[in-house]
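Engineer: Since the structure of chain A is already known, use the hints to place chain B on it.
Quick note, the sequences are listed as chains A and B, same order.
Just so you know, the working numbering puts 331 at position 331 of the first sequence, and the rest follows in order with no gaps.
Just so you know, the working numbering puts 4 at position 4 of the second sequence, and the rest follows in order with no gaps.
Mixed in with the good hints there might be a few duds.
Computed list of lysine-lysine pairs in BS3-like fashion (alpha-carbon distance at most 27 Å, straight line) [stated by the list, open to error]:
(1) B:K386 / B:K406
(2) A:K67 / A:K16
(3) B:K364 / A:K325
(4) B:K207 / A:K325
(5) A:K386 / B:K325
(6) B:K386 / A:K325
(7) A:K406 / A:K386
(8) A:K166 / A:K67
(9) B:K16 / B:K67
(10) B:K364 / B:K379
(11) B:K325 / A:K207
(12) B:K375 / B:K386
(13) B:K32 / B:K16
(14) A:K379 / A:K406
(15) A:K50 / A:K16
(16) B:K375 / B:K207
(17) A:K280 / A:K406
(18) B:K325 / A:K364
(19) B:K166 / A:K166
(20) A:K280 / A:K364
(21) B:K306 / B:K325
None of these hints come from the bench; they were simulated from the model.
Protein chains: 2
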Amino acid sequence: MEYYQLTQTNLTDYLKLLPEVQLRFSSFDSLKVQEINDGNMNYAFVVTNKLDTNQSVFVKQAPPYIKVLGEQWPLTRQRMTAEINALNYQVSVCPEMVPEVYYQSETLSVLIMENLSTHALLRTELIQGRYLPRLAEDLSTFLAETLFYSSDFALPSADKKAMVSKSSNQEMCQITEDFVFTYPFEHHDMNDYNPALSQSIIDSIQKDANVRAHVAQMKFIFMNRPEALLHGDLHTSSVMVNVQQTFVIDPEFSFAGPMGFDIGALIANLYLSYFSHAHKSSAESVNYSQWLLQTIDDLWYKFEAKFLSLWSEHEQSALSTFMGKDLTGDSHQIFRQIFLQQVFSNTLGFAACKMIRRILGVAKVADFMQFEDQKLRAKLETQALKMATTMLLNRQSYANIGDVNKLAEDVSSI
Amino acid sequence: MEYYQLTQTNLTDYLKLLPEVQLRFSSFDSLKVQEINDGNMNYAFVVTNKLDTNQSVFVKQAPPYIKVLGEQWPLTRQRMTAEINALNYQVSVCPEMVPEVYYQSETLSVLIMENLSTHALLRTELIQGRYLPRLAEDLSTFLAETLFYSSDFALPSADKKAMVSKSSNQEMCQITEDFVFTYPFEHHDMNDYNPALSQSIIDSIQKDANVRAHVAQMKFIFMNRPEALLHGDLHTSSVMVNVQQTFVIDPEFSFAGPMGFDIGALIANLYLSYFSHAHKSSAESVNYSQWLLQTIDDLWYKFEAKFLSLWSEHEQSALSTFMGKDLTGDSHQIFRQIFLQQVFSNTLGFAACKMIRRILGVAKVADFMQFEDQKLRAKLETQALKMATTMLLNRQSYANIGDVNKLAEDVSSI
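In isolation and in its complexed conformation, chain A is listed as follows (with noise of 0.2 Å):
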């Protein structure tokens, strides 16, 4: 089968000939096929059976351009090839927190996948308020599963270097380079500023010459160190939740790189979601910028031990080790403790590129643009570009996660 572009009209008849497909359905007499337009990249549609509203799956197909931009912006398709190959993974090691995949094809780019109708994207949750008491341990749990699986702690050499082989995502990773790492950050074309924001505040990230050392560092890493395979844009609408549950979905970025750009991302998101509120008064936005704080908390030092834990579980279990075999006293203790300090700090590199590129580059976020006063904005634009400066300059000097809550706290009360 060659390659075609699904529409709204020839859907139907393409999935009543997927045997994976016929399963959902009790009838395709009545099928509603209703595209959805979020996403910037690819076409969505959900299919639903109007005689029972239960039947429904979720249909994504990536053409070979940029979906927005129309054919005359070329994009390969190897990005439905890496989300596929990424959500296998991630079914393997966490199949509570992925979408159920029912059918997947390279040769059309489409993934068929479980419909969740009853979650929402956690931006959408945060900049409503709403409290998600199972956020922490759930996505802690994902980052620890992801990244300790796919990483040379849990594979054989020979495996972990076909995963890094396999999971290659190039024009992606060039659009994280470009976007994150190098456009914010220069005078280019693509970058949007809010005009109210200071040109001093600009120039403090864009002509600070640390400030561009650390940044080229941190691209460095991104483009150097194949750890683990990466979800590769884990912002806060990568995730769907509800009270009960939490998914994650999208790894079209997906390729084998830092732990902490994951974790970075997650974490810049929710940053910026608490400048967000922070700013109001309201006890209501006091409690949930608490929240938000404990949250970012609860997800480091979560995922800190549980990615211990499976490591000191693997390597009681396996026959050979990392670190090979009779070793004494702390050697492992000592050992993690580099590692993680690691991660860690790469962690708030990332997270500090992500916050300024989601403020002085192309791409916003609903957190701030949901407030319409554009010196309100500048206002919590200066506190999240001030946090993250420092936070990257800084990023082998933090202790913990609280002392990062604290810069953040300090910054929201200037």
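Structural biologist: Chain B alone, transformed into the frame defined by chain A:
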């Protein structure tokens, strides 16, 4: 053509048919084929025209097993593909420092190249106490050029990632992971200790929790940093020299790895040579030891200067640079300093692992093995192990290579 084993008997018939080799010999009637038994892995031959001994070629073939161990020790011929790949790259950036390749075949895993008949192995020359005035100059050029031009600072992102994929050399990396970073540090059957070496010294490596943790850290860095296309096994028997010229040979361990691994391998073997001379009290030995330390000093500083100079030249000429546009002040200088400081500390960490493995692991060095007196050898081994341990644990604290040389001098006077 299918793979078959070249032998002294069939080699001439094979060479006769190759136009590239025909150019090298005025006649094929009086060729002398001499098998060279230096190497452990591969078959090697020197083919000379008896009528004109200036006409000669060097032939190397990788069998699908380890030559000295026989067919029951299979090893993929991918290593010859890696060697061919590396040689082609090295020729492209510093042709004057690698033997000229006349013919290469991945099918037969064969390389036919310049016969370096007027050069000797660097290790042999160092053992003889020969001064090599060009050594630091040439090897620093080789390191700076091969490491810079295959890095993200020189290559566009897509080309760099293609280079990394193409240079995969899994089985050879696994050998390094096991024989450099694992076995020497545990009680392993493959280890081989000098009976005169005290158990307490062996334990100070194998049973020290800090040493084991930091070796694990270096192993992780080795496995997770595709910074540049490495030689992969750059010890002093991978270099051929005479007073005028330096050649780097045998890149069969080549892969995309951390820059410090190549520099560290070289420096480790120069320090081993240092200890093999410094214990002698003759003025000649004292002078030669000092020349070795000076060479190490020169090697690092010249490498650093050349790498930086290639980097800034490239940035002046390139349309887009790694750090982006509109850089002000010291951005470049700060980033380069951060970057080279990390290469330096990795260099010391890798050098330490390499020194230790040459004493506790299976592969010994002639620099020490030349001494039949086990006690004398144990004294030198103890010095080298002490230096390596200190250098490993403090690799991030040394301000410069001069301080590391001082450590070598202090340790050798114990």
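Engineer: The structure should be examined with respect to each hint, and the outcome stated for every one.
Structural biologist: Structure-based check of each hint:
1. B:K386 / B:K406: holds, 13 Å
2. A:K67 / A:K16: The given pair, whose Cα atoms are some 25 Å apart, holds under the 27 Å limit.
3. B:K364 / A:K325: holds, 22 Å
4. B:K207 / A:K325: holds, 11 Å
5. A:K386 / B:K325: With Cα atoms ~22 Å apart, K386 (chain A) and K325 (chain B) stay inside 27 Å; holds.
6. B:K386 / A:K325: holds, 22 Å
7. A:K406 / A:K386: holds, 13 Å
8. A:K166 / A:K67: The given pair, whose Cα atoms are some 25 Å apart, holds under the 27 Å limit.
9. B:K16 / B:K67: holds, 25 Å
10. B:K364 / B:K379: holds, 15 Å
11. B:K325 / A:K207: Distance ~11 Å between K325 (chain B) and K207 (chain A) Cα, so the pair holds.
12. B:K375 / B:K386: holds, 16 Å
13. B:K32 / B:K16: holds, 13 Å
14. A:K379 / A:K406: Status holds; Cα separation ~19 Å.
15. A:K50 / A:K16: holds, 16 Å
16. B:K375 / B:K207: holds, 23 Å
17. A:K280 / A:K406: holds, 18 Å
18. B:K325 / A:K364: holds, 22 Å
19. B:K166 / A:K166: The hint holds at about 13 Å.
20. A:K280 / A:K364: holds, 21 Å
21. B:K306 / B:K325: The given pair, whose Cα atoms are some 23 Å apart, holds under the 27 Å limit.
Hint compliance for this structure: no hint is broken.
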